[in-house]
Every structure is written in C-alpha cells, then in structure tokens.
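K.L.:
One letter stands for each residue in the lines below.
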Amino acid sequence: EAGVAQSPRYKIIEKRQSVAFWCNPISGHATLYWYQQILGQGPKLLIQFQNNGVVDDSQLPKDRFSAERLKGVDSTLKIQPAKLEDSAVYLCASSLSPVTGELFFGEGSRLTVL
Amino acid sequence: AQKVTQAQTEISVVEKEDVTLDCVYETRDTTYYLFWYKQPPSGELVFLIRRNSFDEQNEISGRYSWNFQKSTSSFNFTITASQVVDSAVYFCALRGGNTDKLIFGTGTRLQVFP
Numbered sequence: 001e002a003g004v005a006q007s008p009r010y011k012i013i014e015k016r017q018s019v020a021f022w023c024n025p026i027s028g029h030a031t032l033y034w035y036q037q038i039l040g041q042g043p044k045l046l047i048q049f050q051n052n053g054v055v056d057d058s059q060l061p062k063d064r065f066s067a068e069r070l071k072g073v074d075s076t077l078k079i080q081p082a083k084l085e086d087s088a089v090y091l092c093a094s095s096l097s098p099v100t101g102e103l104f105f106g107e108g109s110r111l112t113v114l
Numbered sequence: 001a002q003k004v005t006q007a008q009t010e011i012s013v014v015e016k017e018d019v020t021l022d023c024v025y026e027t028r029d030t031t032y033y034l035f036w037y038k039q040p041p042s043g044e045l046v047f048l049i050r051r052n053s054f055d056e057q058n059e060i061s062g063r064y065s066w067n068f069q070k071s072t073s074s075f076n077f078t079i080t081a082s083q084v085v086d087s088a089v090y091f092c093a094l095r096g097g098n099t100d101k102l103i104f105g106t107g108t109r110l111q112v113f114p
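These protein sequence lines are chains X and F, in that order.
Position 9 (the first sequence) corresponds to 9 in the working numbering; numbering is contiguous.
Position 111 (the second sequence) corresponds to 111 in the working numbering; numbering is contiguous.
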C-alpha cells in the first residue's frame, strides 16, 4: 500500500516569496491534515480536512497560509508571502477515520526561508 | 487546556541498555487518547501505539512496553535491549475525546550507540 506522498521534499525561498506544497494521501483516507513542525518542536496542526471540507483551521495563519483539497483527495498548502519564521517541515497526514487517531504521515516538505 | 510534556530533550544509551521515555499530559477530558510516534531521520512520523483513558493496562509489543498511569497523568515508553535502529525522535501525543486534534509533545531524541 502506497503511503502519504509529499512534494517537494526541500524548498529554499527568500522572504516575501510564495511556495506551495502538495500532498497525496493514502487511497481511501477521508481525513487529511497539514502539520507544521519547527525545528526542535512537536508538530502543530495547521488545518484538517474531512473529504473536501475544512474541519479545523483555527491555527492556520490565514493572512498568509491557504490550503485546499479539491475533490477530496490531493491537497495543496500555500504560503504567500513567506516569512523567516515559516521555516519548518510541513507534514501531511491522513487517516481512515478521525476517531481512531491513527495518522499516517508523509516524509514532509522542508522549507527554508532566507 | 490540553498539554503534553516530554521533559527529556535527548537521551543517549549504549546498545542493549534499557531506556524509558517519559510523557506527562494534562487534560480536563474524562475520555481521551494517548499516542506514541517515532520520527526516524527520514522524517515521517510512524505510529507506535494508541491507548484510551479507560484502559490502564500496560502493553508490551516485542521490545517496546508502555506504562499508563492516570494517577500521575503519565504514559511512559520503555525500550528493552535498545538497538541502533531505535535511534530517532519519539513523540508523545494526546487527543481529547471531543476533538480530532492531536497535541504533540516536544519530543525526545534517543541516540543508541553501538
């Protein structure tokens, strides 16, 4: 079974530029999450989708971050404009059901903002 | 508020030693779930275990064991006869009964030397 796919694995941009990350969850997983993991910290939830609807985006900095999950499968996370403090690993995860809490994570996209 | 504390930032052991990773949590929910995840150098988070608040039985899976004690709000993880492949960052996480959000601790980096 294919795991959660993310791209790109690494991205370096200058502040005020924009960047987009892509995630393809495990087939059949209705719930998709984007987490931000700053170096030395645990992952922090940015946004959760159930199919193509947003369940929780309370910690998403909406002035610069946006995410969508068209058709309830793939998802894109965009940052525009990027700030230095956005340097982090962006982890995508999916689960068959939010109830079990067993999330399957991708390898992440490491963003460096200069 | 919900919180997970992993006081040990980094632990170093020599192969075959036993090692215990501590996790202390805070929640006002009566129903909640606790998790451990492993993050190897490749970056993806690997699910290890889920425990619900009504099940205080300790669990053993091969060299891994977990000690859940509600009285001290702790969910500690022990690796017996550690191996080099156990080297990773380990995260403890909490999910309240009425939310899908996983709250992660800051992680403990385990280094096992040959």
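Because the hints were derived from the structure by calculation, they are not lab data.
Careful, some of the hints might be misleading.
Claimed, not checked - Some chain F residues close to chain X (C-beta under 7 Å, calculated; not the full set):
| # | residue |
| --- | --- |
| 1 | P41 |
| 2 | S42 |
| 3 | F91 |
| 4 | G97 |
| 5 | K101 |
| 6 | T106 |
| 7 | G107 |
From the three backbone atoms N, C-alpha and C, an ideal C-beta is built for every residue, glycine too.
K.L.:
Taking the hints in turn, state whether each one holds.
P.N.:
Each hint, compared with the structure:
1. P41: Since chain X brings no Cβ nearer than about 11 Å to P41 of chain F, farther than 7 Å, the hint is violated.
2. S42: Where the cut-off is 7 Å and the nearest Cβ of chain X is about 6 Å from S42 of chain F, the hint holds.
3. F91: Status holds, d = 5 Å.
4. G97: Result: violated, 10 Å to nearest chain X Cβ.
5. K101: holds (5 Å)
6. T106: holds (5 Å)
7. G107: holds (6 Å)
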